[in-house]
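J.: Residues per chain, in single letters:
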Amino acid sequence: MLCSRCGKRDAVYDVTEFADTRLPTFVCDECLGEVCQGSATCPTCGWTQEEYMRTGLMGCADCYRAFLPLTLRETLRLQGKLIHEGARPRRANYKLIARRERLKQQVEELLNARDYAAAKRLSEEIVRLNREIEGEE
Amino acid sequence: MELLQTVAVSTRIRLARNFAEYPFPHRLKDKEAVETIIHTVSEALNRADDFKLYRMDAVPMDEAERFMENYLISPALIERRDISAVLINSDENLSIMINEEDHLREQCSCKGYDLSGCYEILAGLDDRLSKSIAFAYDEQLGYLTACPTNLGTGMRASVMLFLPGLIENGLLPAVGEQMERLGFTLRGVNGEGSASLGALCQLSNEVTLGMSENEILHEVNNVVLKIVQLEGEERRNLFLTDGPQVRDRALRAYGVLRNCALLEYEEFMTLLADVKLGVTLGILEADLSQLDDLAVAMRNANLKARIKMPLTELELASCRAKYAESAAEKLIVRKEA
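Protein sequence lines correspond, in order, to chains A and B.
Going by the numbering used here, the first sequence opens with residue 14, and the numbers climb by one from there.
Going by the numbering used here, the second sequence opens with residue 1170, and the numbers climb by one from there.
Next comes chain B alone, as it looks inside the complex (with noise of 0.2 angstroms):
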């Protein structure tokens, strides 16, 4: 197993327009003109695409809160719903959230590592979508942005990364700030403040301006690579210190995902990203993306849609632990010592 494939969970693109006519959405009053940017946006689209538009205020709460688990909407789209909406492709891999900060932020997701795949994808969306609406540009500004943290490109990639080994050995606040010196956040994902839930961690990047697309997404693949050698020297290091520890860990968590009867997601991803590390240190045995999947499939309102039914936070945490079980005995496979 390539440890990069180990470190690189999932990879997001997105890119910020705005219609050069318009106020930005922070000031957009006019009906008239909110429904003209939500109409043009959609038909701009081929027929080939394949989108579904959906207005948010018409969107029922558990649907758009699957879509924010699913990364495909923000919690600010949710937040702006009396003039927002978002069109998602049928594979849910591409998404145009509508009168967000912007009026326009596009968006292609793929599984793993590809930087490159995904800047494709989503500038071949953008150019179609150009075709038909006058973005506002400055020749010298590039891409205007209500914020102008996005002037330029209006290009954010983000990594989401694994990172046990940096959590575990303490170095993650250390490595967060050398990130930031080159002009890269790092930061736990889904978790209280700074603490990050399964030992995720997302960097992307913060300079939009004065680079081309190619040369951000170049220099975000420098820094992941980086962090992949910081992480996998730090995995090493834990197994040579902590070995039994890390190894009992890995068997418990396995033992608690076959033998619950109630789990809370935070619970979950604990146990998950135990097991994980196990995988990677040669303890369990899983195809790591398909464990990957089960931290979304998990995450309630994608359970509540998967039991098409309304349940209580008791009843969730019993479907949780009962679908558990199930995958764990399907995916993880324990290896003789």
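Chain A with its partners taken away, still in its complex shape (with noise of 0.2 angstroms):
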């Protein structure tokens, strides 16, 4: 199959599964190279593209949308494969979580202040939310 952008050399990568691309669905080698040149900088840590270059390494995990197509270039030349197939992240509660956390934090300031009654009630909140934290589990 011939590169959907030159129309010209033979494609070599197949990149219509990942969605997102703005890419040629087929692409050869020097397009795909072509496409991925210029400058990007990612809007969350302000690391470049041109630091990646040299390092070898993402700044945040942001980083990744922010620098495609590059990003696919660079899953293809190490992988050889673009879309994962293995384990997912179990879908936590994270602002109960956080919840949780701050809660702590403050028990143990009222603690430091002696403020028992204050942090007995926030110690049964915290129980609360341990509930329904498991509960989700």
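Everything labelled a hint here was simulated from the structure, so no lab data went into it.
Some hints here could point you the wrong way.
To be verified - Here are the simulated lysine-lysine pairs, DSBU-like style, with alpha carbons at most 35 angstroms apart:
(1) 1221(B) with 133(A)
(2) 108(A) with 1280(B)
(3) 1491(B) with 1473(B)
(4) 1477(B) with 1499(B)
(5) 1198(B) with 1491(B)
(6) 1200(B) with 1221(B)
(7) 117(A) with 1200(B)
(8) 117(A) with 1300(B)
(9) 1280(B) with 94(A)
(10) 133(A) with 1200(B)
(11) 94(A) with 1300(B)
(12) 1300(B) with 133(A)
(13) 1280(B) with 1473(B)
(14) 1280(B) with 117(A)
(15) 1473(B) with 1200(B)
(16) 1504(B) with 1221(B)
(17) 133(A) with 21(A)
(18) 108(A) with 94(A)
(19) 117(A) with 1198(B)
Said to hold, decoys possible - Now the in silico label distances, taken between C-beta atoms and shown as ranges:
(20) 127(A) with 1250(B): 29 to 39 angstroms
(21) 1211(B) with 141(A): 47 to 57 angstroms
(22) 1414(B) with 22(A): 38 to 48 angstroms
(23) 1499(B) with 96(A): 46 to 56 angstroms
(24) 1190(B) with 50(A): 24 to 34 angstroms
(25) 1391(B) with 50(A): 23 to 33 angstroms
(26) 50(A) with 1231(B): 24 to 34 angstroms
(27) 1221(B) with 96(A): 32 to 42 angstroms
(28) 22(A) with 1390(B): 36 to 46 angstroms
(29) 1435(B) with 21(A): 55 to 65 angstroms
(30) 1411(B) with 21(A): 27 to 37 angstroms
(31) 96(A) with 1231(B): 38 to 48 angstroms
(32) 1430(B) with 98(A): 51 to 61 angstroms
In this text, a Cβ means the ideal position worked out from N, Cα and C, and glycines have one as well.
Got two chains here, separate frames each, mind docking them using the hints?
T.: Next comes the structure, spelled out in structure tokens:
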């Protein structure tokens, strides 16, 4: 099959399965290299595509999307595949967990200030949250 | 003795994970973020997990080296000691490196060969952690890691292999190249460059994306069995062509282990490899797994931890010789010709 970008060379990569590609569907090595040229900066952490090329490391999780289509070329080069087939993280209720952690800190502060009644009230709230978090599991 | 048991020394699997909301460790400058990450990971474990937290900036160098010798941490974790920590369980078969190349490197190891057993334990640990940590995850790319070489499952499965037959017959480079073509790495461990100390090599998967964890383990298993078969053939060839020499080396190694005053680790490992080959070919008798334990126990930091005293290089070599003598007497028996 010919490259859907240049229409001249044989396509070596099939990126149809990757959504949001900003790429031709079947692409040759040269065209993939060309579309990866240029610069991009991660809006979350400020890491740049050039810095990735220099270090081989992404700056944060959001760099992967910020550096498309370079991400695709690098993933194909290093892994030969594009789509994850393995386990997924359990979906916990992170909001409840964050609230519990804040409450724990507050309890500690209250105990330091010897406000035992208030600390007890918050501890009961933590127990309730624990039940709710465990219930999710 | 089953051939596989004489080749596969130990199994280790690790998972790379990251927090979604923080930059990867090489860009982590915020002290508060470092504290939160370390705190959140240790809080995420059950009390029953029985882990102890070590902050690397507070761990004495000797102890850090012992952790490294026991494969609980990597050299990179020590290099980042200003932000790094490690959680280790009391059996020392599970560890979680914090702020190495990724925020978390969960690891499970066992003696001998047990890929599925290791993975089962590790998956359980990962599951408990993911109840309270929002891991960086992309529906298409999987678990997001600092380096795209770990993308997807974040899983690296490694098997330590004892390969004296392949090494002696000069076939290791060819087998290594073949492995590379199949998406695996086979390299010598603890040796200079590609050389291996004690005829030990490590096989691990390269590809982490586009396959499920079980598919990866299945492929690693296929490749291990193939290498074991090749090693078995080469050991037989070695014994057929150089039988008397192999026998002589095994017996000499046994003799030196029982009769020397100073013993460097490198020499010890060479002698141990000769003895182990002698055991697999029926020249000597010993429990191979006990001999493999010695390979770790005889390393510098492990010896120092045993003696509990600061030792010079010379004193270390002397201690190692004494320890080798008593271990060889206890563990190795010469068979009659």
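J.: When the hints from earlier in the document are held up against this structure, which numbers fail?
T.: 2, 5, 14, 16, 17, 21, 22, 25, 26, 30
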